[in-house]
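Peer 1: Read top to bottom, the protein sequences are chains A and B.
Mind the numbering: the first sequence is residues 1 to 319 in UniProt numbering, read in order.
Mind the numbering: the second sequence is residues 1 to 319 in UniProt numbering, read in order.
Just so you know, the hints here were simulated from the structure itself, not pulled from any lab data.
Treat each hint with caution, since some may be false.
Note that identical chains are pooled: a pair holds if it fits in a single copy or bridges any two copies.
Unchecked claim - Distance condition first, Cα-Cα at most 20 angstroms in a straight line; then the derived EDC-like pairs of lysine to aspartate or glutamate: (1) K305 / D138; (2) K305 / D167; (3) K85 / D69; (4) K96 / E119; (5) K266 / D300; (6) K302 / E120.
Please read these numbers as outputs of a predicted model, since none were measured by experiment.
What follows is the residue order along each chain.
Protein chains: 2
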Amino acid sequence: MNVSILGCGRWASFHAWYAHHIGHKVTVWGRENSTNLKNLITTHKNEYLTLPQDINFTYNLNTALNFADIIIISISSQQLRNLAKQINETNLYQNKTFILCMKGIEVSTGKRLSEVLTEELHGSYNVGVWVGPGHVQDFLQGIPNCMVISANNNEISKKIIQIFSSDLIRFYYSKDLIGTEIGAAAKNVIGIAAGMLDGMHYTSLKGALMARGTHELSNLIKALGGNGMTIYGLSHLGDYEATLFSPYSNNRRFGEDFVQNKPFNKLAEGVSTTEALLKMANEYKIELPICTTINKIIIDHKDPKQELLNLFMRPLKAE
Amino acid sequence: MNVSILGCGRWASFHAWYAHHIGHKVTVWGRENSTNLKNLITTHKNEYLTLPQDINFTYNLNTALNFADIIIISISSQQLRNLAKQINETNLYQNKTFILCMKGIEVSTGKRLSEVLTEELHGSYNVGVWVGPGHVQDFLQGIPNCMVISANNNEISKKIIQIFSSDLIRFYYSKDLIGTEIGAAAKNVIGIAAGMLDGMHYTSLKGALMARGTHELSNLIKALGGNGMTIYGLSHLGDYEATLFSPYSNNRRFGEDFVQNKPFNKLAEGVSTTEALLKMANEYKIELPICTTINKIIIDHKDPKQELLNLFMRPLKAE
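Go ahead and model the full structure; you've got the sequences and the hints to work with.
Peer 2: Encoded structure:
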């Protein structure tokens with residue numbers, strides 16, 4: 001069937017490749033001034049992959065929305081509300097299914113991405129979230145992985161899974177959008193913490209980080225009305241290999257460089273997610289010791305070694 | 001205070017070093033024919049560490065039991081019942097506290113190690129379990145970690161923690177002996193599975209392994225009467241860094257070598273633990289897909305690639 005991809009970065013272009021790979025017709029949309037899309041149109045490739053010649057590209061949002069009933073969105077999280085407003089203006093989305101293939105929380109509001117989308121779009125349409133582990137490079141080499149589709153209604157998830165299942169990706173489904181979206185965004189935060197431990201040569205504390213990180217986020221998700229067990233599934237814990245243990249993980253790398261005083265181009269996405277999580281935690285009176293520590297180190301410029309030791313070496317406590 | 005260590009292998013000698021390091025007087029016991037103890041007596045060192053001159057060594061179990069009220073046991077799991085019978089014969093253990101610093105399940109009975117000990121010892125004494133992450137090499141370099149003490153009674157755990165806390169090890173405590181002991185033993189099983197994935201170049205599936213492995217073991221622990229959340233603590237998930245991601249992990253290495261048809265000296269400890277877990281699962285009618293797959297590959301000589309793909313790429317399922 002037809003699938004449109006809104007976005008043309010690394011992960012969006014992977015989704016274009018994947019949808020085509022399993023037999024769908026694909027249109028990729030990018031903003032007017034997108035250099036990513038310009039390069040894809042010219043060369044049909046980027047630094048990660050080459051896209052087949054029969055994938056369509058467009059700068060026209062109406063064209064992309066008209067092309068397909070299945071609309072994958074994969075852009076920078078903080079840009080989602082703007083794009084959603086634009087989509088709403090077209091009024092070309094009734095009865096369509098949107099799939100958010102992105103991780104993050106809107107910092108200005110502390111809202112989850114599916115909340116942002118449904119605040120801006122009106123009428124009748126479906127929303128699903130597609131997250132979980134997987135390196136683009138591995139998928140291209142035929143190495144399979146498991147991912148998760150989450151939607152308020154299992155029937156929506158199952159429909160999405162039927163369209164996108166293959167030997168390369170095996171899906172689980174979850175009705176807990178709160179837990180899935182918070183967990184997917186928060187793995188970048190734990191990734192930064194993992195990088196900080198690597199940078200201080202405390203790599204062996206990453207085991208304790210995994211146990212304590214999942215625990216504090218589970219408490220937050222429960223307070224928000226989600227399922228405390230979702231954090232231990234594919235959207236968060238299942239993504240730790242790619243985030244906490246990969247030299248290529250952007251957030252892990254950022255944490256390592258930061259504590260070693262190495263230069264970095266810009267703050268990693270997990271930094272704004274940390275801020276958003278701490279806002280939520282404050283509102284719901286939940287303690288997030290790991291997020292608090294990351295914030296102290298990055299924003300308040302506290303001593304990383306002292307803060308990380310304080311975090312892990314606190315006094316006697318039940319698990 | 002005085003501490004006796006029963007055992008003189010790698011982990012036992014670390015405990016001797018650590019107890020001395022934090023100011024206790026230490027006696028180390030080994031069996032009559034132990035080459036480990038013979039070497040320690042001669043050189044005061046092994047391939048991992050050097051022990052101070054004022055640590056005592058003895059082949060006499062009565063001497064070790066008389067020396068201290070705190071008795072650490074760190075030997076091969078399948079030998080525990082024999083040692084417990086010997087200890088029982090001395091009747092020199094009333095009102096003492098035994099701490100099991102070892103991981104495993106008695107294969108012939110499917111019993112946890114604290115069960116084995118209490119079946120053989122009579123009268124009045126305390127039993128605690130001390131497990132969790134930490135590499136000997138890291139501790140010796142001053143890199144701290146978090147570990148867990150578990151006992152039926154939190155007062156016993158807190159007493160042990162007071163005796164052994166330091167800047168190097170920060171303890172949590174847990175009343176769930178079932179979850180702690182099963183989790184500590186089972187991390188070797190997940191370590192073998194991780195090695196198999198590495199060996200088949202499916203390293204990126206280790207994320208899914210972490211999510212699904214904890215899930216199936218949590219189900220088993222609940223069926224056994226333990227707390228399903230304990231698996232997500234330091235005794236199991238918290239030990240994944242050292243087990244699933246370390247090139248030095250014996251069980252991970254074994255799994256990798258096995259699927260690559262490389263020679264190995266002997267089956268890793270996780271192999272017998274897998275057998276013991278499957279016996280329990282059968283008795284309690286619990287499915288353990290990962291344990292079953294490892295068993296099929298190692299014992300039934302099924303094709304690793306096919307079995308691992310079957311395991312992770314099964315049809316549509318809720319998390």
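Peer 1: Each hint: holds or not?
Peer 2: Hints and how they fare:
1. K305 / D138: Cα proximity of K305 and D138: across copies only (16 angstroms, versus 34 angstroms in one copy).
2. K305 / D167: between (44 angstroms within a copy, 13 angstroms between copies)
3. K85 / D69: within (19 angstroms within a copy, 71 angstroms between copies)
4. K96 / E119: Cα proximity of K96 and E119: one copy only (16 angstroms, versus 64 angstroms across).
5. K266 / D300: within (17 angstroms within a copy, 52 angstroms between copies)
6. K302 / E120: neither (39 angstroms within a copy, 53 angstroms between copies)
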